[in-house]
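Undergrad: Chains as they are written, first to last, in the working numbering: chain A, 210 to 764; chain B, 15 to 269.
Not one of these hints is a red herring.
Think about it this way: if two alpha-carbon atoms lie no more than 27 Å apart in a straight line, the pair counts; the simulated DSS-like pairs of lysine-lysine are:
(1) Lys517(A) / Lys529(A)
(2) Lys94(B) / Lys198(B)
(3) Lys681(A) / Lys232(A)
(4) Lys238(A) / Lys151(B)
(5) Lys94(B) / Lys18(B)
(6) Lys151(B) / Lys232(A)
(7) Lys681(A) / Lys151(B)
(8) Lys18(B) / Lys95(B)
(9) Lys198(B) / Lys18(B)
FYI, nobody ran anything at the bench for these hints, they're computed from the structure.
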Amino acid sequence: MSQFSALVRKSGYHAANSWRIIKEQHPFKRVVIVLFALGLEAGLFSLFKNGFEFLDSFQGIGSIIIARLFSVFFMGMSGMLVVSSIVTGYVTMFRSDEIPFLVVRPFPMSAVAVYKFIQSLGLSSWAFFFIIIPFVAAFAWHQSLSPLFALWTLLFSIPFLVVCGGIGVVVMMLVVRFFPRIRITWIAAAIFLVCILLPTVWLFCKAYPSNQGTSFDIGSLVPGFRLAANPWIPNWWFAEGILSLSRQQWVRGSMLWLVLSANAVLIVMTVEWFGERYFFETWQHVCGSRSMGVRNPVLLPRLDRWLKRMPGDIRAMVTKDIRFFFRDPMQWSQVLIFFGLLAIYFANLRAFHYDALPDQWRNIIAFLNVFSVSAVISSLGSRFVYPQLSLEGQGFWILGLSPTTMTRILLTKFLMACTAMVLVSIMLMGLSTGMLRIAVAARLASVGLVSCIACAVCGMSCGLGAVFLDLKQRNPSAIVSGFGGTLNLVLSLGFLLVTILPFGLIFHLDTTLGLSFQTRRFALVVATAWLGSITLLATLVPLWLGVRSLNNRDY
Amino acid sequence: MESKDVAIQIEHFTKKFGNFTAVDDLSLSVRRGELFCFLGPNGAGKTTTIKMLTGLLRPTLGSAHLCGIDIHAEPVKAKKKIGYIPDMPFLYDRLTTTEFFRFTGELYGVDEAAIESGLEEAFLLFGLMEHQTALIKDLSHGLRQRLIYATTFLHEPEVLFIDEPLIGLDPYTIRLIKNLLRRKVAGGMSILLTTHILPVAQDIADRIGIISRGKLIALGTLQELRDTHGGDTLEDIFLSLTGEEADACLSSLPS
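Isolated chain A (complex conformation) (with noise of 0.2 Å):
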């Protein structure tokens, strides 16, 4: 038996001991996250399903569009994948626990690249399913297309990720081994320019509306739309290999669905090739390269002025962790993706004469913003707020004998978390209400829509991050996909959708309807209020449970 079945055995046993923990698990976990999961999938095929009617009430337009937002999805999700295999290939080739154990096994080092890349891909991939699904459903409901359309979807998905995640993984593992990790902070702002904000606002130039001339160009409708129909790359072969088999066009979609394996099967060589050629050397290059000198980063001797002002314990805890967020570039690069990519696109808000549009429509973009900048503080809280105190691990012993108390401690996590989200928040939504140039009432409602989300964010994620507390765990993804992360995301997007409706719909209504000022102004009283006394109880109360968690437990 080879090796390389022994490793696939191997996954096979790691994924039946993992679904025997699943059934272990409380029952209410599960079925919240099945409810979760299938709501969410419901709602994604609802959105897209009414998306496409609503394109289809175009007519001729409708429909051409419709076509071309099959390759744009696919090139929007193509570039997800790219950007997380980058993030996941280095973790699970370079930074993962198994590799010193394979390496000391009679096993080639090609194997491993090949064996580990493939792991990368699972993790990173499952996203992809999870949005296609929906997706692809509405489209083949809207098109009235057979069944079978979904077995051409899978078909041509396995070639696919493994294009898209191995061009991640391949560039990756080329910055890796020939970039000294020393400049780690240049090589990821570099990518990150290159990568992603160049494309970005190469695509938002593309697509500013021509004032020239008469004719008709889809092109400049949404961006993308002309790279997504560039028959050279892999989403076109996707998109187009997938509609011609369900037109029953079986030479075109076979030769496309060759095209996009062959594709496949020359990453998978050129990851094996690498493995064989420089994976040993990087991986020891990353290893080999921890110590760097003194660290003196520029911005916390300035920093320190401020914080000498706060008690020491406090000062200490707030030190350590802004040190931690600047030494993790997965935190920092995350953050800067997320938040600057906003940014980017709310700069752009006039470039698209978004200003120009009638009131009712520039509320709903100015809400969808609020959702957004909200959707990523969510995210960011769950991913990054909620496991801190897990992640204090081993070491919160430090934390535990030192003469402060717990709900310092947490109390502390929660203000620092609060205080920069917060800030980024305000700033975000200053720039899209003041792009948009809406009414100051919005404006003022959006702000202080986010900075209530973000507060109450952060207190949701500390305090539940304290209740279900796992001090064993070293990997901030499995503590955030445990139950208690789950129920955080859970809630913390519950928290927006009851926060950002009611003010959406007051706005809404009066642009619409156009309210009286004596019911506008009763409604956002009404509407502040409960904003305020949800944003208190959605922060105060879990801060509460996870001091008094804190507080009772053994350490």
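Given the coordinates of chain A, work out where chain B should sit on it, guided by the hints.
TA: Just chain B, lined up with the frame of chain A:
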């Protein structure tokens, strides 16, 4: 010593991390059927040497042959002949002890019948029978260590590297492992182990090497070390060779 009698042959091993030299021109050979104990203060270069010998690190200079095979030129061939037990071994938390045992056997190409018979024998020996269906994540540190020993002997390595073999083990397991190592050595296995527990080294080692700041500063049997460096116990010898820095620190302490 004839080359066929040599299990581990290290020539001019040097490992540098930037400007820091962790191992400095180390040359050493270990015979077949010999238990060699590598001693040294923290940061002396013991683990780095073992990592280079197991192929986990590539030396900056020098080479190592295990049973005549260059570990860095023919790593896969050499690794079939070795076993390695690190001080804090990685184990797959979501495998059961039995699954992990079978998986390791398959990685080394051990046939299924041998895996099954080895499993029963090893699990009985290491007291793991009642934990056969337990997930590794639920095992205590001692049980995890016992499991790693059980799996390491499965493919019958000719050379075994052990980094701190007795950390976190109960007296029963310590005795078990000491006896087992001696028995394996009598059967022809070569073992290179590092430890800070000097009485253990004194008890079981055929030869002892002391490394300090990356350099091999003493080598021989316990008697040879006594004759060369004086002192009754291994502790006396070890401290006289490596304790200057510690003495200086101690003497600088206020009374």
